[in-house]
Amino acid sequence: MILVGTLGLVIALRLIRPIEHLADAAAAVARGERPRIPSVEGPAELAALAAGMSAMSQAVAHREEALRFLSEASKQLSGSLDHETILRNLARLAVPRIADWCVIYLLNEDGTVRRLEVAHADPAKTDLVHRLAGQVPVDEKHAAVQVMRSGRPQLVEDIPDEMLRAAVRDEEAYRLIKSVGLKSSMIIPMMTRGQAVGAISFATAESGRRYSQEDLQIGEELAHRAALAVENARMYTRQRGIAETLQRSLLSKDLPEMPGVRVGTRYLPARTETEVGGDWYDVFALSDGRIGMVMGDVAGRGVEAASVMGQLQHALRAYALEGHAPAVVMERLNHLLAMREMATLLYLVVDPASWTVRIANAGHLPPLVISPDGQTSLLEGGSPPLGSSLLTVYGEEGMAIRPGSTIILYTDGLVEVRGESLDKGLARLVEAASAFRSDNLEGLLDRILSRLLGTEGSTDDVALLALTAAALDPAHLFLRLPAAPNSLPLLRHTLRRWLMPSGATDQDIYEISVATAEACANSIEHAYQAADAHLEIDARVHDGEVSITVRDWGQWRPPRGKHRGRGLILMRGLMDDVQVASTDEGTTVQMRRRLKREIPA
Numbered sequence: 001m002i003l004v005g006t007l008g009l010v011i012a013l014r015l016i017r018p019i020e021h022l023a024d025a026a027a028a029v030a031r032g033e034r035p036r037i038p039s040v041e042g043p044a045e046l047a048a049l050a051a052g053m054s055a056m057s058q059a060v061a062h063r064e065e066a067l068r069f070l071s072e073a074s075k076q077l078s079g080s081l082d083h084e085t086i087l088r089n090l091a092r093l094a095v096p097r098i099a100d101w102c103v104i105y106l107l108n109e110d111g112t113v114r115r116l117e118v119a120h121a122d123p124a125k126t127d128l129v130h131r132l133a134g135q136v137p138v139d140e141k142h143a144a145v146q147v148m149r150s151g152r153p154q155l156v157e158d159i160p161d162e163m164l165r166a167a168v169r170d171e172e173a174y175r176l177i178k179s180v181g182l183k184s185s186m187i188i189p190m191m192t193r194g195q196a197v198g199a200i201s202f203a204t205a206e207s208g209r210r211y212s213q214e215d216l217q218i219g220e221e222l223a224h225r226a227a228l229a230v231e232n233a234r235m236y237t238r239q240r241g242i243a244e245t246l247q248r249s250l251l252s253k254d255l256p257e258m259p260g261v262r263v264g265t266r267y268l269p270a271r272t273e274t275e276v277g278g279d280w281y282d283v284f285a286l287s288d289g290r291i292g293m294v295m296g297d298v299a300g301r302g303v304e305a306a307s308v309m310g311q312l313q314h315a316l317r318a319y320a321l322e323g324h325a326p327a328v329v330m331e332r333l334n335h336l337l338a339m340r341e342m343a344t345l346l347y348l349v350v351d352p353a354s355w356t357v358r359i360a361n362a363g364h365l366p367p368l369v370i371s372p373d374g375q376t377s378l379l380e381g382g383s384p385p386l387g388s389s390l391l392t393v394y395g396e397e398g399m400a401i402r403p404g405s406t407i408i409l410y411t412d413g414l415v416e417v418r419g420e421s422l423d424k425g426l427a428r429l430v431e432a433a434s435a436f437r438s439d440n441l442e443g444l445l446d447r448i449l450s451r452l453l454g455t456e457g458s459t460d461d462v463a464l465l466a467l468t469a470a471a472l473d474p475a476h477l478f479l480r481l482p483a484a485p486n487s488l489p490l491l492r493h494t495l496r497r498w499l500m501p502s503g504a505t506d507q508d509i510y511e512i513s514v515a516t517a518e519a520c521a522n523s524i525e526h527a528y529q530a531a532d533a534h535l536e537i538d539a540r541v542h543d544g545e546v547s548i549t550v551r552d553w554g555q556w557r558p559p560r561g562k563h564r565g566r567g568l569i570l571m572r573g574l575m576d577d578v579q580v581a582s583t584d585e586g587t588t589v590q591m592r593r594r595l596k597r598e599i600p601a
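Going by the working numbering, the sequence shown wraps up at 601, each residue one higher than the last.
Hints are computed from structural coordinates only; laboratory data are not their basis.
There could be a bad hint or two in this list.
Unchecked claim - Lysine-lysine pairs mimicking BS3-like chemistry, simulated, CA-CA at most 30 Å apart:
1) 125 - 183
2) 141 - 125
3) 183 - 141
4) 125 - 75
5) 141 - 75
6) 141 - 178
The task is simple: from the sequences and hints, build the whole structure.
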């Protein structure tokens, strides 16, 4: 039976096309090719065939392990959008699977090469690895740099002693690298579009493994995949940066500087998006001393959403500065969109003089109000989004707030979680804000973002706007205003708000406001030409006397026209004392007036 079985095997093997050497079959498997089995003539050749089959089986196992490694590496390469994180994870995966050492080199934008990551199979030797890496400068003579410049890999099956000596600068470094016991190495460029983005160096030591051409093929495939991942990650970073820059350019940057008012903002782009989103906010001072707060969210993403966002922002400011009520502003914006686009929008007007708020809400999330003692309330209600119907009639609501209250506006990316009720997100927001005290507005915003988003961020854009309005210091007022005529109404309203609690009469308030506005008008007209210039007003009350200082940093010009230059006469007629001091650095106007207190009947 044994003879018959053997004879049958021999006959079957003769039907297979022969190859010259049994070792070729194993090599073919290692290369991922289909092997060919040789024919046999007798027992000796059958034994040789068995040995060859064993080698081929080992090659198959090696090939399967290589494919598993490449599969795991692909998962690592696609697990992040940060190219440095990608490569560091890859180095840690490579040891000890295919190397005892793995070093990642990255090409910088200026053409220099840096060592990004050094990984070793034995964590206890990490310090030694880094010491050794520091002894080998990454310059033009470095093997990794030469590989990147040429685009061709380097395989050293047995590392000679001369190679170690050439890699280091001195005898101490040579002894250090010699002690590691390097056996074999591969350095492979990471190429994409014909350009190197870096290189991967693999080396063996303790394992005693020798690299072969088959190992080099695996390394080249890995380097190719890594290069594509780096290119994609860098492209994502560039596109995301462009989108974020465009988004931030459309957001309000010149936050109003008003006494008793603090404003805080945050904007976080979606963690996975590369297009500009539709979230935006704005805050501005109205000429009567009130403050406009805006939060909006345009449907969609990209240039079209950014265009609609810009139109809404500029139109809303224009309508608001014309003095229209929030409901009227909403109706005009709704007709502006004319059902072509859709957006949610929240517009509030805060009056710190009367401590009231007027609100118009077009389908947006409710604002959150935090009282000075930490009590919170969501201002529910509103109308459909802008652009949903031309027939929508937008209303507005009013409410009183306490001095020191904080108002928070936000977009849905802060509170919405897919598959979860919106009420849960709003509850988290209320909980995060409930213990707030109004002396730390920036801390409140950080706390809200940390509690609701953690460290991972949001899958949607997040915009956050907070405003705290507190009572003015009755003894001191400081204003820094743009040197522009439209600053004067705000100045007069703010002075009135500040002077009223001091016991000043209506005549006091009127005349002090006129004199101060005239001093500012002189600075605006005579001192400045630059569009971004500012002036400062410092006002104090002490023992029934008001002192006001107006400062500018411009160079005054002579009055223009025959009937100009009478502002100083007017100021001296309204105030008890006026002093003007001009230097090369600017002009200071100091005015004093004793208040004429009304006597109760």
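Each hint tested on the structure:
Among the hinted pairs, residue 125 with residue 183 is consistent with the structure: their alpha-carbon atoms are about 17 Å apart, no more than 30 Å. Of the pairs offered as hints, the one joining residue 141 and residue 125 holds, with about 26 Å between alpha carbons and a cut-off of 30 Å not exceeded. For the given pair, residue 183 sits about 21 Å from residue 141 by alpha-carbon distance, which is consistent with the 30 Å threshold. A C-alpha spacing of about 27 Å is found between residue 125 and residue 75, which places the hinted pair at or below 30 Å, so the restraint holds.
The suggested pairing of residue 141 with residue 75 is violated, with an alpha-carbon distance near 34 Å, which exceeds 30 Å. The straight-line distance between the Cα atoms of residue 141 and residue 178 is roughly 19 Å, inside the 30 Å bound, and the hint therefore holds.
Consistency with the previously given hints fails for number 5 only.
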